[in-house]
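Visitor: The chain contents come next:
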Amino acid sequence: MEVTITINGTPVTSEIEPRTLLVHFVRENAGLRGTHWGCDTSNCGTCVLWVDGSPVKSCTMLAAQADGHEVTTVEGLEQGGVLDPIQQGFIECHGLQCGFCTPGMMMTGRWLLDNNPNPSEAEIRDCISGQICRCTGYKNIVASIQWAAEHPATSEVTA
Amino acid sequence: MQTPAPVDYARATSVADAIALLEKHGEEARLLAGGHSLLPMMKLRLARPEILIDLNDLDELRGIRIEGDEIVVGAMVTHAEILDSPVLAEHYAIFREAEKVIADPIVRNKGTIGGSMCQADPSEDLSAVGSALKGSVVIQGSGGKRTLALREFHEGPYETKVGDAEILTEVRFPIRPGAGSAYEKVERRVGDWPVASVGVFVVVAGGVVTDCGIGLTAVGAEHFCAPDAEAYLIGKAPTEENLAAAAQLAADACTPYADQRGPVDYKLHLACELTLRALRKAAASSQGA
Amino acid sequence: MTAVEEVPLSAAGNPIGFGSMRRVEDARFVRGQGNYVDDVNLPGMLHSAILRSPHAHARIVSIDASAAEALPGVVAVITGKILEGIPRPSLLGDNFAWMPTLSYDTQAVLATDKVRFQGQEVAYVIAESRYIAKDALELIDVEYEILEPVMDAKRALDAGAPIIRDDKGQTDNSITDVHGNKTWESGNAESTAAAIAAAKADPNCVVVTQEIMYPRVHPAPMETCGSVSYLDKVTGQLTMYTTTQAPHAHRTVYAMVAGLPEQKIRIISPDIGGGFGNKVPVYPGYVLSVIGTIVTGKPVKWMEDRNENLVSTGFARDYHMTASIAATKEGKILAVDVDVLADHGAFNGVAQPTNYPAGFFNIFSGSYDYPDAHCKVTPVYTNKAPGGVAYACSFRITEAAYVIERVVDCLAQELQMDPADLRLKNLLRPEQFPYMSPTGWEYDSGEYEKTMRVAMDIAGYDELRREQAEKRAKGEYMGIGISFFTEGVGAGPRRDMDILGLGMADGIELRVHPTGKAQLRLSVQSQGQGHETTFAQIVAHELGIPPEDIEVLHGDTDNTPFGLGTYGSRSTPVSGAAASVVARKVRDRARIVAAAALECAPDDLDWELGRWYVKGDRERGKTIAEIALLSHSSLELPEGVEGHLDATAVYNPPNLTYPYGCYICVVDVDPGTGQVKIRRFIAVDDCGTRINPMIVEGQVHGGLADGVGMALMELIAFDTDGNNLGGSFMDYLLPTAVECPDWELGETVTPSPHHPIGAKGVGESATVGSPAAVVNAVIDALSPFGVRHADMPLTPANVWRAIQGNAIRVDMAVE
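Protein chains in written order, with the working numbering: chain E, 1146 to 1304; chain S, 4 to 292; chain G, 24 to 838.
With the rest of the complex left out, here is chain E (with noise of 0.2 Å):
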C-alpha cells in the first residue's frame, strides 16, 4: 500500500506492506535513524516520537496507521540550527550516556513541558516512568528536563 506520512513537515511517501512498523518507516523509508528501538513490547520507550503532537511508542504503531498524519522525530526538535531547550538540557547537565534512549526522553520531556511548563520533580519522573535508561539512574535526565523548563523554547517545535 502506498503511504504519505509527514514527517518533521517534510511529506514522505513510500509504498510499504501494510505490516510495516512505524518504527521501521521512519528508519528505513524516511531515513531517520535518530528514532531507536529497544524493546519490541512497548517497554523501553526508546522508540518514543509524536504523531500529531502526542508522544507514542512508534515500534507499536503501524506505518498505515500514519498514513496522513504528522510525525515527529528528534530531527525536527532543531530549528533554524538552534537546539531546542530540551535538547541543550541534555547536554547542559548530562542527561545521556551511550545517547540510546535519549531521542525518546528528549520527546517526552519537551512534550512535557509543552503541556506542564512547570512540572515538578515527580511529575517529571512520571512522565518518563515508561522509558528506560541503562545508563543515567535517571538523575540527570531530570535535572536536563528542569533545566529546559528553566529555558523555555522561544520556537515550536511543528510537525
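No wet-lab data here; the hints were simulated from the structure. Just so it is clear, CB atoms sit at the ideal spot from N, CA and C, and this is done for glycine as well. Among the clues, some could well be false.
To be verified - Label-pair restraints from in silico Cβ distances:
id: 1; chain 1: G; residue 1: Pro293; chain 2: S; residue 2: Tyr161; range: 50 to 56 Å
id: 2; chain 1: S; residue 1: Ala234; chain 2: G; residue 2: Lys177; range: 47 to 53 Å
id: 3; chain 1: G; residue 1: Asp742; chain 2: S; residue 2: Tyr161; range: 45 to 51 Å
id: 4; chain 1: S; residue 1: Tyr260; chain 2: G; residue 2: Thr232; range: 44 to 50 Å
id: 5; chain 1: G; residue 1: Asp164; chain 2: S; residue 2: Tyr161; range: 27 to 33 Å
id: 6; chain 1: E; residue 1: Ser1265; chain 2: S; residue 2: Arg65; range: 44 to 50 Å
On the provided structure of chain E, position chains S and G as indicated by the hints.
Guide: This is chains S and G only, laid out in the frame that chain E set:
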C-alpha cells in the same frame, strides 16, 4: 526487531463500515484500536489476523459524556483521556486512581478502554474498575445494538461476548450520588501488570452501606467481582470489623495462580488487604472525609 | 598529583585538564545523529535472523528448511550440518559448527547434535529484508526429541542427572577448567577452617552462616547485539560493524575462529548503545553474520530482537553462596569462608582474564582487617544460556562485595550491634596500605573510615536511627542499609591477566599536528562513558592543549592501536594511564625541540601547563603549539631526535587500582503488601583523581540504578521445563525513574599511588556496591519480624513471604 506476519489493513470510515468489513472478512479480521496489546502479540506471531480494521478515524467512538444517570465513555477513549477527564473525576475517584497506575503515560496516549475491555486480559485493571462500578457495554453489529452488563461480558481469559462481526462501542457507568470509590494496586514496578488490584465503590447513607461494588483483577475472581462480599456489607455500618470481614469474603472469591508476580498465598492475602484498604478509603470518602 | 584546583579554562570555556565539562559526543546524540550498528546500511545489504530452540534440552532429529528456502526473498538457510561441512583452517577446531569460548570451552555456533538451552541457535536465515527473514524462521521444521533438562543448579551434580555436555564425553555436569580443576579455591583453607572451629568452641565468639544467592540477571543494554559483516571477495577484506566493547580482541578472535588473515579484518565499533559486559563475548550471531557474507558475497546484517538478547547473550551472576563469618562478641571479625555453587549454563563462556577461573570473586574478604579467608567455587553446567561475567561486575566483584556485605549485616544482627559500628570496628586503616589481603590482593590505597564518616554525615545516620526507632514504636517499618565495598579494576597486569592468551596491556597513539592540534587514538571502546571527552582532558592536563583541540578516535581497528577493550572499569586505569604516558612522551620530545629552538639544553627548561620555558626566565619559552610547528620545520634537532610530535605507548599496569566507597540506603516497607520504597540513597565514592567529575557522577548514578534493579526486580528465573521466565521487558523488569530516588553523592579522593594521574576507574563501583545497601536496608526494616535474609530480587511477594518466614526461592519459578 520483532515483526508481524503479513497482514492487510483497512481504515473504517464509520462503525457501520467497520461492521461491514468484519462481516466481509470473517474471523480472520481484527479490530485495531490502540494496538498496544494486539501488535505485540502479532510481533510474537501469537496473533496473525489476515486484516486489521483500524478504528482510529471513528470520532463517533470518542468522547466522555453524561446521558441521564450514566456516564458514557466511547470505546476509543484513551487511558490518558480517562485519567484527565473532569467528568469521571467528579463522580468517581477510582478512574484517576486506576489510570495513574495503568502502563505508562506514553502507552496511555494510545491504549483505549474498548481495546482493554475486549482484550479481556485476566489482569486488566479497567476490567476491575468496570466490574466494581457494575458498568455495562454497548455492542453493535449489523443487527443493531445490545447492552450487556460488564459482569456478564467476559467468557473467560481473553474471551468476551463480542461476536466476530460486532464492535464494542461504549462503556457505561451508573452515576451514584454520594458514592466514594478507590483503587488499590500492587505492582512489582511502575507500569507493570498488577500482582493484584482491587477497585471499589461504597455508598454510605444513614450510617450504613447502602450500595457497594468490589472489583478485583489478576487474582482469578470470576467476572472480576466479589458479590458475596458486596452482599455482606449492605445494610452494615462501615466499621473496620465489617470491612475486614467483607475483604476476607472478597479474597474467598479469588482463585489466583502462581507466577513470577507472586505465589498463591500472597495473591490471596493481597486480595484481602487491598480490598480492605480500598473499602476504608471509599467508605471514608462517601462519608465526606 | 591531582591538581583538580585552579585548572585554567580554554577559549571555549573548557578546563585545560581536569574538571567538569560538557561532553564532546553529545552534539551528535542529542540531534539523533549517533551511528549505531543498526543504523549501518550498506549497498546490497542482506538481513538475517536466527532460529532458536524452544527447548532447554533436546536432541535434534531432523531439520527441514526447504519451505523456508522456497520463500521468495530468502537467499540462504544455514544449519549446523552445513557448518560442519565447512572446513576451518585454524587451530581451534576443524569446522564452523563449534567455536571456542573465552574460557577455553567450546560453544555451538549452530546446534548439530543437541540443543542445550532455550534460545540456543539452531538455524540461520539470510533474506532480502528482516521481515522476510523472520517469516522464514516459521517455515523451518525442526523435529526435536525432548530430553530432561537440568534447571536446578543444586541438582546438576546429582548422580543420574542428565548429562549436558555429552559432546565432550562428560559423565557428569562438572566443569573442568584449563588447569584441570573442577573446583576453584582461594585463600587458606586450613587456617580459615581452624579459625572458624575455634570461634565455634569459644563462648566469647560467634559464627554466623548464611545461604545467600546472587540470582541470574542480565545487563540488557538498550541497544541489543548485532553486526553488519562484509567480505570483499576481491580484496579479501572483512569489514565488520559490530556491537563490541573490545574491537581489537574481537578481531583476533575472528582471525582464530574463521581462519581469516588478521590483517584483512577490520572491526568497526560505531556508537554503542550501552554494553555493561553484554558486548564482550563473541556470540554465534556475530560469527553467523561473517559466515553469511562469506556465503552470499554481500553485506549481511544481524540484529537481535530483545527476546534473543535476554535469552541467549551473556547473563550475569547466578552464584549460590554459603558464607560463614567468625567474630568475637565484641565484633572483631576473625575469618570468613565462602562456598559457592556457580551456575555457568550450558557452555563455559565466562569472559574473565585471570588464572583463577572465578575471576575476581576471591576479593570477597572485602574492606576489613582479618587474617583468614577462604573460598571454594564449584562450577556446573546447566541447561541455561552461557555467560556469567557481565553487567558491570568487575569480573565477579559484585558477587564478592554482596556476600561479604550481606554476611557482615547478618553478623551485626546476631551480635545486636549497629552495622555501622561493626564496620567501623573492622575497616582497614590508612597505615595498612598497601594492604595484602588474605587471598592475595594488594590493595593500593584507601582511607576507609574517612569515606564512611562522610557517607554517615550526609545521611544523618544517627538521626535516621532515631527516626527508625520512633517509627517502629508506631508500627512503621523503615530500614537503613550500609554497604562498604572495595573494588579492584584495571586489568592487567599482563603477567597476571589475559584473555585467550592476549595480555591485558593497552596501546595508544598521540599525534600532535603542526598547528598544535592533536589526535589521540584509543584501543578502548566507549559505550557511553564519554571517552571522547575525558581522554582529551587527560592529554590537556599533560600538554596544555585545550580539550576541544584534541580529537579522540576509537572504535576502528584499522585506525587505532591494539588493546583489550572496555570492561571491568579498565578504560581509565589502563588506557587513561596510557594517555598520560604517551602525552608525557610528547612533552619530553617537545622539551628537546624547544631547547633546540631556544638554543639551550633540555635540562635548562622548566614546564608549565602548555609550555617549556628557560629556567629563571619565564618570558623565554615555547608553547606546545609553537613547538609542534617547530618539530615539523627545518629547525636542526639534536642527533637521534626524529622530529614531529607523535608518540605511541603501551601501558602495562603494575597492579589493579582499588576504588572503594560507602553507600547508605533508606527504605520504607509496607508490611501489608511487601512493597519497598527507596526513600534515599547516599553514595560516597573514592575513585582517586576525578578527571571529569560530572561524568564520574553520571557513572555512579547509572550503577546505583542497576543496584536498585537487581535488589528489587531484575531476575532471569527458569521453570523446571527449562523455560526462561525473563525473556522480555514485560518480564525482565528494569528500574524506571519512579523507583530511583534522587541520588545523594559525596566523594573522597585517595589517589592511586601507581597510576600516572592517580585515577582508579569508577564505571562499575556503584553496580558492585549498591545491591547490598538496598538489601541490607530492606532486611533492616524487616528485622522486627525476625528476618535475617531474603534473596534478591525483593519483590513485594518475596518481602511479604520473608515476613511470613518463608522467603521465595528466586532462581526457580514461583510456586
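Visitor: Each of the hints needs a verdict: does it hold here or not?
Guide: Cross-check of the supplied hints:
The hinted window of 50 to 56 Å between Pro293 of chain G and Tyr161 of chain S is violated, with their beta carbons roughly 42 Å apart. As the Cβ distance of Ala234 of chain S to Lys177 of chain G is approximately 49 Å, the hint placing it in 47 to 53 Å holds. A beta carbon spacing of about 21 Å between Asp742 of chain G and Tyr161 of chain S contradicts the range 45 to 51 Å that was offered as a hint. Tyr260 of chain S and Thr232 of chain G have their C-beta atoms about 35 Å apart, which leaves the hinted 44 to 50 Å range violated.
At about 28 Å, the beta-carbon gap between Asp164 of chain G and Tyr161 of chain S stays in the expected band of 27 to 33 Å. In this structure the hint that Ser1265 of chain E and Arg65 of chain S lie 44 to 50 Å apart at CB is violated, the actual value being about 30 Å.
Of the numbered hints stated above, those contradicted by the structure are hints 1, 3, 4 and 6, listed in ascending order.
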